[in-house]
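**Student:** Letter by letter, the chains look like this.
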Amino acid sequence: MRSRLVLWVPLALLAFFVGVAGYMLTQEKDQFVESTMIGQPLPAFALKPAVASLPGAAKADFVGAKPRLLNIWASWCVPCIAEAPQLEALQAQGVEIIGIAIRDRPADVANFLARYGNPYARIGADDISEVQLAIGSSGVPETFVIDAAGVIRYQHIGDIRDNDVALLLAELEKAQ
Amino acid sequence: MIAEIGLAALWLAAALAVLQMVSGGFALRTSDGEAMNPLAIYARPAAVVQAVLAVLAFAMLLWAFAVTDLSLKLVASNSHSMKPMIYKITGTWGNHEGSMLLWVGVLALSGGLLAAFERRLPERTMGATLAVQGFVALGFYAFLLLSSNPFERLPIPATEGVGLNPLLQDIGLAIHPPTLYAGYVGLSVAFSLAMGALLTREVNPAFARVMRPWVLGAWVLLTFGITAGSYWAYYELGWGGWWFWDPVENASLMPWLAATALMHSVAVLAARDALRTWTIMLGVLAFSMSMLGTFLVRSGVLTSVHAFAVDPERGAFILGLLGLYIGGAFTIFALRAGAVSEGTRFSFSSREGALVFNNVMLSAILAIVLLGTLYPLVTEAFDVRVSVGPPYFNPAAAIFAVPMFMVMAVGPLLRWKEDKPARIQFEMLLIAAVLVAVIALVSFFGQFPLLPLLGLGLAAALAVAAMLPLRGRKLTRVPVATWGMVLAHFGVAVSLFGMACEGAFTQERLAAVAPGGTEQVGDFAVTLQSVSPVAGPNWTAIEARIAVSRNGAEPVILNPQARSFWSPSQATSESALLTRWDGQMYVVIGNQAEDGRWQLRVWWKPFVTFIWYGGLLIALGGVLAIAGRVRVDVKRRAAVKLGAARRADLDALNPASVPAE
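Heads up: the sequence lines are chains A and B, in that order. For the first sequence, the residue numbers in my numbering are 1 to 176. For the second sequence, the residue numbers in my numbering are 1 to 661.
Hints are computed from structural coordinates only; laboratory data are not their basis. Keep in mind it's a predicted model, so treat the numbers as computed, not measured. Ideal Cβ positions, reconstructed from N, Cα and C, are used throughout, including at glycine. It is possible that part of the hints are untrue.
To be verified - To list a few chain A residues with every Cβ distance to chain B over 12 Å, as calculated:
no.: 1; residue: ARG4
no.: 2; residue: PRO43
no.: 3; residue: ALA149
To be verified - Facing chain B, from chain A, some residues (calculated, C-beta under 10 Å):
no.: 4; residue: ALA15
no.: 5; residue: PRO55
no.: 6; residue: LEU133
What the hints assert, rightly or not - Which residues of chain A face chain B? A few of them, derived with a C-beta cut under 10 Å, are:
no.: 7; residue: ALA44
no.: 8; residue: PHE45
no.: 9; residue: ALA46
no.: 10; residue: VAL78
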């Protein structure tokens, strides 16, 4: 009888949720997935500034002298708040961080930077996620290591935690 | 000694929960027409004594915090002898263990109240309800005693405590979490009643009338708690926003949405004997949303600005309880709900029809919020980490909220069972005219985003519609509960108006200002007069002296601060607010730039306070509805008593009288 089967739907949904949540509780939070874009050069792009106080970002900004970090973030993204201190720590180590703000507004970006600090050398505004999709990033926040030739060398998915700082510094060293 | 008394009371309460569960279970073995199973009589007293013990345990913990007993691990890690007394006391529930003890205390208290005062239900249903309530309480006692003992002693007493999260050192904390908890727990009673009724096949209007005050009470507390929490986040986080769709905020919103739907559906069941299965389903859903909220907040599976007390082991425990209770409830639901008969039928254009439509819309919004909150968790399980924010929640929720508000305007005007829309065509035209006129007027004066524009129109239409049920009635004869509905619906309009104004008309200014400099925001001239260091009991701060003058009038001085707490060290910004009847000025001071200028952020938010006034009106409407029901109930009880007394008098006058055969 169909109507009887419908009554089991809530239980099935709950079982699915409990299963996923239970699995998540047993998982270590730091997991890295190799992206297919790693090893490929950055696609060409030029984004307008996301906030008045900083310049925008273009592919040319990544080319020359040293490897840099490309940080995909947004002021509306909560994990981005969590990773702000780690980005500042990286900047304090002399790393140049170029931000790309996804679907954001200048006022919100300015608020975020005022409140959580500004580790960025420049921030481009990606209002339609074009660059985000082009470099194979599926969410915010994500951080990429780009070498001096503009080639994507490493992808970090999710917020940068304390122990990831050393890891990213090592990846930047490798990309020299 | 204090801690030992508390711990002993907690263990005894747990033992009584077992007794309540088993004894209540025996009530189910009583078959119809038979006297009560003799083993079932212990459930009620067990629930009452358990309530006393659980409250005692919480009182002991309050005491330990008040005197800063540093031999307790919980006090040492969450309090500080230098803290102001009020925050020592609120610190009792500003941490994981204490707040869980508060939760259990309120749970036991409401179970005790139910057992002591509720006499309308059949004893079998009551026994089953108390058994479920005992079973739920037992899980939380086990959680406290086995994995989060609040009374744990330190081997060597600490010399000083390590403070409290400074964001939580705020009067908002004194009211916000306890109110929400009491609301969550009220839903647990609704859950137990729903299960009791389902198990004993007593899903009927009598049961709905017993359940209604608990749902209404829980809903009032949740409304109040969310309103207070939103205002707290607004002035304490210093972002100028009032809702962030943060997982923890959503965790409090979801039970409210479910409770709102449940409250309306239980009213239909009580009045019309319809929506039986749906009411049971919502009863389970409302409580599962409160448990889910607890799980999300406590387990740390989601990143949140509120995240505290993060511990996977505790998360696993709560998840286990969630699976057990809600899984069990859904299983019973699936097995039994098919056997619950359908109840009275009604046509779509009737008050029931409108309520069902809005219930479905509320459930859809609940699903939207639930999906958005859990989506990051689910994708993370597949190794993709995302954050879902307002760009998803606002439009997705609006898709269902807009038709809901429209039906909400018309629903109370319809008659029960069946009605012709033509009967209320004047009212419908009036509401539509207000809606269109306001939208046209506002868009004539400027370019505004779609959602705030719609919000303004709907708010005006709803405000008019909320008053229409009073039309043509003698105001002194309108029942108190109806006034409650009118007030609550009007409160929704007020709140919506505040949200729309905030969205459409907010003026914002972010500027670097040198002392003496002036910035113009809307009608206001904002002058930074000076910046000076100040110190509080456990913090130091930079305090700005800002003169705000509207259209050249006498200036008002505001003092926003950037505070640094030293135990534990953490920085917060204390916004300064200037409230006028037509809005609020919101000022935050930021960092000092190298050239000596200060970062000032200033917002003028027209009518933003209406968001919370509306919330309070909604809660007040709920209070009126409860008061109305209680008054009717007291009258009924008095009448029953009077009738019994008259009969006794008659019998006394005429002892030989026998009832006519």
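**Student:** Can you verify the interface hint for PRO55(A): is its Cβ closer than 10 Å to any Cβ in chain B?
**Tutor:** violated (18 Å)
**Student:** Would the non-interface assignment of PRO43(A) survive a Cβ cutoff of 12 Å against chain B?
**Tutor:** holds (21 Å)
**Student:** Quick check on the hint: ALA46(A) CB to chain B CB, less than 10 Å?
**Tutor:** violated (24 Å)
**Student:** With a cut-off of 10 Å on the beta carbons, see whether ALA44(A) makes it to chain B.
**Tutor:** Check failed: Cβ of ALA44(A) comes no nearer than 26 Å to chain B, outside 10 Å.
**Student:** Grab the minimum C-beta distance from LEU133(A) to chain B and call the hint holds if it beats 10 Å, violated otherwise.
**Tutor:** Result: violated, 14 Å to nearest chain B Cβ.
**Student:** Would the hint on ALA15(A) be counted as holding, given a Cβ-Cβ threshold of 10 Å to chain B?
**Tutor:** holds (7 Å)
**Student:** Hey, does ALA149(A) actually stay past 12 Å from chain B on C-beta?
**Tutor:** holds (28 Å)
**Student:** Under 10 Å is the threshold here; is the Cβ of VAL78(A) close enough to any Cβ of chain B for the hint to stand?
**Tutor:** holds (5 Å)
**Student:** Far enough from chain B: is every CB of that chain over 12 Å from the CB of ARG4(A)?
**Tutor:** violated (5 Å)
**Student:** The hint names PHE45(A) as touching chain B; please verify it with the least Cβ-Cβ distance against 10 Å.
**Tutor:** This interface hint is violated because 21 Å lies over the 10 Å limit.
In summary, the numbered hints that this structure violates are 1, 5, 6, 7, 8, 9.
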